[in-house]
Amino acid sequence: MSLVEICFWALSFVTLVCALMTVLSKNPIFSAIYLLICFASIAGHYLLLNAQFLFIVHIIVYSGAIMVLFLTTLMLMNLNEETEKHKPAIARIGAVVAACILGLVLVSAISKTALVLPQNSGAVDIGAIKVLGKILLNEYFYPFEFISILLLTAMVGAVLLTKKEHKITIK
Amino acid sequence: MKTLTYTSFLGIFCLVAELLNLRKLLIPLVVLGLVVIGGLTYADLNAESASYFHDMLRTDKFSVSFSLLLLLITALIVSLGQNFFKEDPSKLSDYIAIIIFALCGGIAMVSFANMAMFYIGIEILSISFYILAGTNKKDVKSNEAAMKYFLMGSFASGILLMGITLIYGASGSFNLGDISLYATARNADAIFFIGIILILIGLLFKVSAAPFHFWAPDVYEGSPMLMTALMSTLGKVASFAAFYRLFSICFSISYDTYGWVLSVLIALTILIGNFSALRQESFKRILAFSGVTNAGFMLMAISSIYGKMEGPLFFYGLSYSLATIGAFAVALYVSSVTKSDKIEAFNGLAYKRPLLSALLIFAMFSIAGIPPFAGFFAKYFLFAEALKSGHFWLVLFAIVNSIISVYYYFKVVFALFAKSEQTFEETPSPVYVAVALVAVALLIIAGVAPGLFMPF
Amino acid sequence: MLLLIFILPLLASLAVAFSGKALSKWVAFGSSLVTLAVTLLLYSNFHADAAFVKEWKHSWVASQNLNFYVVVDGFSIWLLLLTNFLMPLILLATFKKEIKKANAFYALVLFMQFGLNGVFLSWNGLQYYIFWELALLPIYFIVWLWSEEADKAVRTRTAFKFFIYTLAGSLFMLFGFMYLFSKSPSLDLQDLYQISLNSNEQIILFACFFIAFAVKIPVFPFHTWQADTYRVAPTAGTMLLSGIMLKMGTYSLIRWLVPIFPDGAAFWTPYILVLCAIGIVYGAIIAIRQDNLKNLLAYSSLSHVGLIAAGAFVLTREGFNGSLAQMLAHGINVVGVFFIAEIILNRTGQLSIDTLGGIRSVAPRFFTLSLIVVLASVALPTTNAFIGEFLLLFSLYQYNTWLAVVAGTSVILGAVYMLRMVKKVFLGNVSNRTQSFADLNWSETVVFVALIAVIFVLGLYPKLIFDTAQPVFETILQTASR
Amino acid sequence: MSLLLNILQVVPMQYYLMVSAALFSIGVLGVLFRRNAITIFMCVEIMLNSINLLLVAFSTYHNDSNGQVFVFFVMAVAAAEVAVGLAILVTIFRNIRSVDIDDLKALKN
Amino acid sequence: MTGLYILILSPLVGFLINGLLGKKLPKAVSGALSSVAILVPFFIALNFFLGFNSGTQVKIDQDVYQWISIGEFNIGFGLLLDQLSSLWLIIITGIGFLIHLYSVSYMHDDEAFSKFFAYLNLFVFFMLVLVLGNNLLITFIGWEGVGLCSYLLIGFWYKNGAYNDAANKAFIMNRIGDLGFLIGIFMIMFYFKTLHFGALKEALGSVHVSHGLIIAITMCLFIGVTGKSAQLPLYTWLPDAMAGPTPVSALIHAATMVTAGIYLISRTDFLFLQAPETMTVIAVIGAATALFAATIGVLQNDIKKVLAYSTVSQLGLMFLALGVGAFSTGVFHVLTHAFFKACLFLGAGSVIHALHGEQDIRNMGGLQKNMPITFLTFLISSIAIAGVPPFSGFFSKDEILAAVFEHNKVLWAVASLASLLTAFYMFRLVFLTFYGNFRGTEDQKHHLHESPWQITVPLTVLALFAAIAGVMGLPEIVSHHHWLKSFLSPVLTPNPHAGHAIGNSEEWMLIGIATTLALGAISYAFVKYISKKELPAAEGTLTGFSNLVYQKYKIDELYSFIIVQPLQRLSVTAYSLFDKVIVDGGVEGVAIAVMSIGKRVRTIQTGNIGYYLLMMVLGIASILAYVFLK
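Protein chains in written order, with the numbering used here: chain R, 1 to 171; chain E, 1001 to 1456; chain H, 2001 to 2482; chain U, 3001 to 3109; chain F, 4001 to 4630.
Because the hints were derived from the structure by calculation, they are not lab data. These numbers were taken from a predicted model, which means no experiment stands behind them. Treat the hints with care, since some could be wrong.
[What the hints assert, rightly or not] Computed list of chain F residues with no C-beta within reach of chain U, every gap over 12 Å:
| id | residue |
| --- | --- |
| 1 | K4027 |
| 2 | K4193 |
| 3 | S4210 |
| 4 | S4479 |
| 5 | F4545 |
| 6 | V4572 |
| 7 | G4610 |
| 8 | Y4611 |
[To be verified] Which bits of chain U does chain E cover? Going by a derived footprint, with three or more residues having C-beta under 8 Å, they are:
| id | stretch |
| --- | --- |
| 9 | 3014-3027 |
| 10 | 3074-3086 |
[Stated by the list, open to error] With a cut-off of at most 27 Å between alpha-carbon atoms, the simulated DSS-like pairs for lysine-lysine come out as follows:
| id | chain 1 | residue 1 | chain 2 | residue 2 |
| --- | --- | --- | --- | --- |
| 11 | E | K1388 | H | K2057 |
| 12 | F | K4159 | H | K2423 |
| 13 | R | K163 | E | K1388 |
| 14 | F | K4193 | H | K2463 |
| 15 | R | K164 | E | K1141 |
| 16 | H | K2463 | E | K1419 |
| 17 | F | K4159 | H | K2424 |
| 18 | E | K1339 | E | K1091 |
| 19 | E | K1411 | R | K164 |
| 20 | H | K2183 | E | K1419 |
| 21 | U | K3108 | E | K1141 |
| 22 | H | K2161 | E | K1411 |
| 23 | F | K4599 | H | K2423 |
| 24 | U | K3108 | E | K1061 |
| 25 | H | K2423 | F | K4552 |
| 26 | U | K3105 | E | K1419 |
| 27 | F | K4023 | H | K2423 |
| 28 | E | K1024 | U | K3108 |
| 29 | E | K1141 | F | K4159 |
| 30 | E | K1308 | R | K163 |
| 31 | H | K2152 | E | K1342 |
| 32 | E | K1352 | H | K2100 |
| 33 | E | K1308 | H | K2057 |
| 34 | F | K4554 | U | K3105 |
| 35 | F | K4445 | F | K4554 |
| 36 | F | K4532 | F | K4305 |
| 37 | R | K163 | E | K1141 |
| 38 | H | K2152 | F | K4599 |
| 39 | E | K1352 | H | K2152 |
| 40 | R | K130 | U | K3105 |
Built from N, CA and C at the ideal position, the CB exists for glycine as well.
Go ahead and model the full structure; you've got the sequences and the hints to work with.
Structure, rendered in structure tokens:
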């Protein structure tokens, strides 16, 4: 077992366990922490897969932006206690069963695949910033610009929804 | 291409307009802009198909005609906004901007040539809708609608995205052309088919097909009425166009994988939509379930791979949207008077507001598929083509169900003539009347001369 | 001229819709007279050439190979004549009445005329179907909104039942057309006449079409909408329904059903004829004890039309011709009898025949004219219905003796219920409801006289019908035996 | 860097698929299992991350950068979704003082 | 041909004028007009008749126009005038005119005077159509047309509910027969492709059809005949038909319409002769009817009812004659019967008129003093109908009895018994009405008077003919030339089954028996009602069999019980149970089922996001499982 393999297994183990803990923790704060670790381990995967740029972006976006957003909201709403009631037992069992079925079906369906690595692969550094940048601003220029609309929408929307109402009466 | 760009700029203009203090003129300007963009787009209708930006977008007859349809829908709904946002003018530009952005998403969805554009388009549309569903902030129902929509929508996006990923994994590309080459040329890998199924499921969610339809009735009911109209028209048409575009280009060769499932789901969708609508009291909810049923009908376009379905699908989308907008325009007036979206709210409208009632009746007839309205031809074209693809039992089933559906469409008509104390003394806003009039007029024109609206 | 026949009513309908209430009835009546004149003008062509055919074709939706195709031939001209002849009379019949929202009412009636004429003229399946539905819409509203039934819930229910019943039937027909379209280059009738389908397809599609027609005609057991609807509808609506609208069904049996699906017809004919025979007797038996006049007439109509429908399936010249003759006769007579009901309803306010009586004493003219109409409807020789009934029973006899005997009992039962009706309504001593019964005024007399004139013309000189229709039926017979 | 060695030559692609599928399923489980809307959002993020992981793996597998570019878009979308989702959550919280999705029962049947 | 047109259209014109303008015309004009409308045809008919008699007139058989023509299916609107129809023409127009004349006075006080004449004219018109039609369908027109007029005239006094019922009954009973007729027509049309009498006769020779079919056809036609000519089992309408004004009873229900059946069978004798089985049925039914009706007649107290049953009985005799193949004999009896029965009815009418509507013979008596002419004519006719030589009835009845005797002795016995009863009840009628003391009210007695000339003249003329009409068919033992037989010989088909003529001695014996029986019956009646001055039992005092007979064997009740009531019950049940519950319930049931499913399906939309998501996941899982793990 090479080092890489050990890394892979270790990271995968951490990822899955942390994800599971995220799901199972009663306290949302703990969930968030586990999620953070989970994201970090995924970042490790990215490194392992030679996607250096994505590694960085991932850390920034998820660990930096998204997790902060989550935690802020949690704090804002003062939900850091174990307030969450469980769903009724039947719903939880249903949830577990359904998810397990989905997982099993997905895994068994995927296991039918016969992906074999092509021989000539692995020569170019596809994850390098330079390479990605070129692609992003050439081929994917339009989606790249277009995604700004998405972000703009989200921004405007978030503001629209969260802004406190000022009483305006026009009659 | 230019449609999308210009529309994006129009959306940004809306945001800027707030700064320029153009609030009063905003809606006319936007409608004007949409019309201009429509005109520019129309010029491309008969142009050769072309691809832009490294094959991110492809304009062809399909994309142009659906873009026009989306523009028309948006223009009508934005016009309705003139009155709808009266009480909340400070946020007018935000609302309009988001609607226009949703339109951008929709246009991307009808003209994509790459999964990236497809995905981003869907997400823009969806996120806009999440926001719009929740815009009535004080109303718990609106909050709930937004939440339900958001949770389920993002979940479904995940499924869809998983599908795209698996397709990419199998084919090594996000380009539709490459994917279809992969599907045609080689013995595709198992994950390719899983990808197809997951994309299918994701899109079935977006078009609110059973068993992924649960969000639709609740969201439609909870959202502000204008937004309901938008979602059930713009959202549905764009999703179907994307659905059709993706599947007809890439996946129809793999029909055997999903064909049977799709047929069963179509039947299920029609059935559930129809039967659920029967005993509803809320106008919005009836239209929501009717939307589910109609989604079932339109899905036949996806599952009929041997027919030329662009035309029927377009026509169906057109007639369905126009009828829905027409109906909502009247309902907006009624709910503004009665503060209720129940069917009873319409009681007695026919005696006080005969014109509006007639328009509503026509709209309902059209959705129910009664000639001479466009809805009839829509159903006819769609079913006839589906029959050509051998969907004998499915069409028969659909027909039987459209008989049942008449009941709930007519429930509205009955209400119009029922006795009531409501006097409807408020004069309806001319905008509502005009929009309903335009929509119904188009329905009749399209019903009398369907050829005019069959660009294919 | 061909297009004029149905465009005129459409234009008139729009004109009436926006005209004043007082004016509307005159505009409607005038336009219906003009339409009648145009139809007669068209008919005059047939004198020179019995096999005259005139057509007008225009591409409608090119991508779907859909044409707007209008044809008049020796068969359809008669239905057109019937429609456009009855229309002014039906309008005239409403003259005495106070109608709320009169302009909307007359607009709907004229719109219905548009639809009816379209049905009889259509030569393309989809176009035909559209007109078929167009004719349904206005009558639905007429039945519902202008009903004389006091209970609002009842009328809504009844009208809707009628609507959804017939719509359900016709949607099956639509399905049939869609399927045909998937097998045929176009839905033009001549293409459909040449279509080749295997016998399973024919059997199923035949059933689809038949349901549509059977509901509209109505053939037992698809009739349960009928009596209620006739009763609830305003009488003008009942006249339209029974006089013209149900002829759409019987006309279509011959024009659309039998020739397109010969194998289907061969398969279903025995069952259908049995249904028809049951309906004939069944309707007559029920009519015997009905108290409500309109109910009685409705069931009598059920009995009569069963025979018309049966005639279409025997696949003989006599059957077709008899069917046509009886369509015309029934159309005229049933309008006549419902007009009697209308007059009675107008003057006494109700239709229970047990409470009437003695009208003959106070309104002798009304009695005499009514009696003639009633006698025509029991198919007394020299009236129009006799020709049809004779030919139809004869053609039924050609198919099966016992069927003819069973159906023939309607000859007896018809006399039983009609004479009972005459007795209870007109004869005997005046009751307190009838003592102030006014005799006919001029407009009512005109309606009766016109109807009676036609009753005798067609009864004594039915050759008029057969001469023009026979060539058409010959073609249909050939097609049906392909 | 010497790490240019393709990891997939050591760890087969199928493993990534499995891990990803498992992660995805855990995300689904979370969505179904929890009542707290925020936690559910987190679980959706887990799902999206499983997809990202898979995309990167496929990208490596195909030796093609497009997959990694797509991850950008996914991240952007995820960020936007979270922003909007949390905004919606805030509006709900303001109204009903709860983020429990089972408390949302106004719309049904 | 022109003559024929005038003949046939003249009553129609009379009808139209009277019908349309009747109210505005003075009664005298109205009555005169319609009488003339019959008188003109009478002269034309007479002309034709004399022409035929002298051999100068040829048969007319011509289509006026094509009535129904569809391909090979051709039915012309055609007329046929030959010896047979000319005889009927004479009767119809001749007796018709007399009755019109009579009615002018009889109906003088009726408010619907002109309507009455209009109906009468219309009746004559249809009767002419009936006998002049050259094919079965034209005959059928007349057939139904006279039925209609009969209906109109029976219910002439429409304010009386019972009269209307009688009218309806007549029409409906006739319709039952008509259906049989119609089916017969269908069969003929189907197998012989023609309805024209002449062509049919030819086709019968050329087209090969089974014997059973001929039986079926003739039986169907005979069913039609039983309705119109009031034979068992469809006779019950005729006694009820006496509800109409008396001239109507005389014209329609005695002299003309009811004999249409005899006309039809004589007209299609070639068919009937091919079907001996049917002939037997006709004979048996005729005999049975003759006896059956005669027994009822014996106990009736209504003067018109007695005559009505007598008519049924006499018609039965005529059919008996037809049934044994003696067509001309049947026709002979039609002719004589027309005279004396019309006379009897008119006489009865005269009596009723004088008594202001009284019809019960228990309340009459002794009228001979006040109404001598009426009495005399009534007596002559009674003698004629009783079969006393040399009055006309004797000859025709004797001829029938002779023909039957030669055919079947049992039938002869039955017929003789019927004749015996006829003689009895006729004289019972005469004695009770005209002899003894007046039993009516003082008021009636005070007003007793002989009728005016319009009434007595027709009575006299008819009585005259009733007395002498026998010369038309003097038996061969008296005269070598049987005028009627030879007159009709070009029309009627010789009977191939006719047995040898009976010998002279046998014939004398039969005459003797018949005369003895008739005189015996008259004597018995004389003893019973003149000498013993018995009166018929009062209402409700009869018991046992006599009561049953008095109640007309309760046939009406029987029909009501086995047909009418079940039908009405069926009607109610079919409507309220079958139509409303089963058929309509089925339709409504579907709707209810749909709605209740709708109610259930609605509940899957629980509103819970977790549940929705769970359903989605399950959906995804099952789809994936279905697609990839099957």
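Evaluation of the provided hints:
no. : hint              : in the structure
1   : K4027             : holds, 81 Å
2   : K4193             : holds, 71 Å
3   : S4210             : holds, 73 Å
4   : S4479             : holds, 104 Å
5   : F4545             : holds, 80 Å
6   : V4572             : holds, 45 Å
7   : G4610             : violated, 6 Å
8   : Y4611             : violated, 9 Å
9   : 3014-3027         : holds (count 3)
10  : 3074-3086         : holds (count 6)
11  : K1388/E - K2057/H : holds, 26 Å
12  : K4159/F - K2423/H : holds, 10 Å
13  : K163/R - K1388/E  : violated, 54 Å
14  : K4193/F - K2463/H : holds, 18 Å
15  : K164/R - K1141/E  : holds, 18 Å
16  : K2463/H - K1419/E : violated, 54 Å
17  : K4159/F - K2424/H : holds, 11 Å
18  : K1339/E - K1091/E : holds, 22 Å
19  : K1411/E - K164/R  : violated, 40 Å
20  : K2183/H - K1419/E : violated, 49 Å
21  : K3108/U - K1141/E : holds, 10 Å
22  : K2161/H - K1411/E : holds, 13 Å
23  : K4599/F - K2423/H : violated, 50 Å
24  : K3108/U - K1061/E : violated, 41 Å
25  : K2423/H - K4552/F : holds, 26 Å
26  : K3105/U - K1419/E : violated, 32 Å
27  : K4023/F - K2423/H : holds, 23 Å
28  : K1024/E - K3108/U : violated, 38 Å
29  : K1141/E - K4159/F : violated, 74 Å
30  : K1308/E - K163/R  : violated, 49 Å
31  : K2152/H - K1342/E : holds, 21 Å
32  : K1352/E - K2100/H : holds, 15 Å
33  : K1308/E - K2057/H : holds, 26 Å
34  : K4554/F - K3105/U : violated, 79 Å
35  : K4445/F - K4554/F : violated, 35 Å
36  : K4532/F - K4305/F : holds, 24 Å
37  : K163/R - K1141/E  : holds, 18 Å
38  : K2152/H - K4599/F : holds, 25 Å
39  : K1352/E - K2152/H : holds, 18 Å
40  : K130/R - K3105/U  : violated, 51 Å
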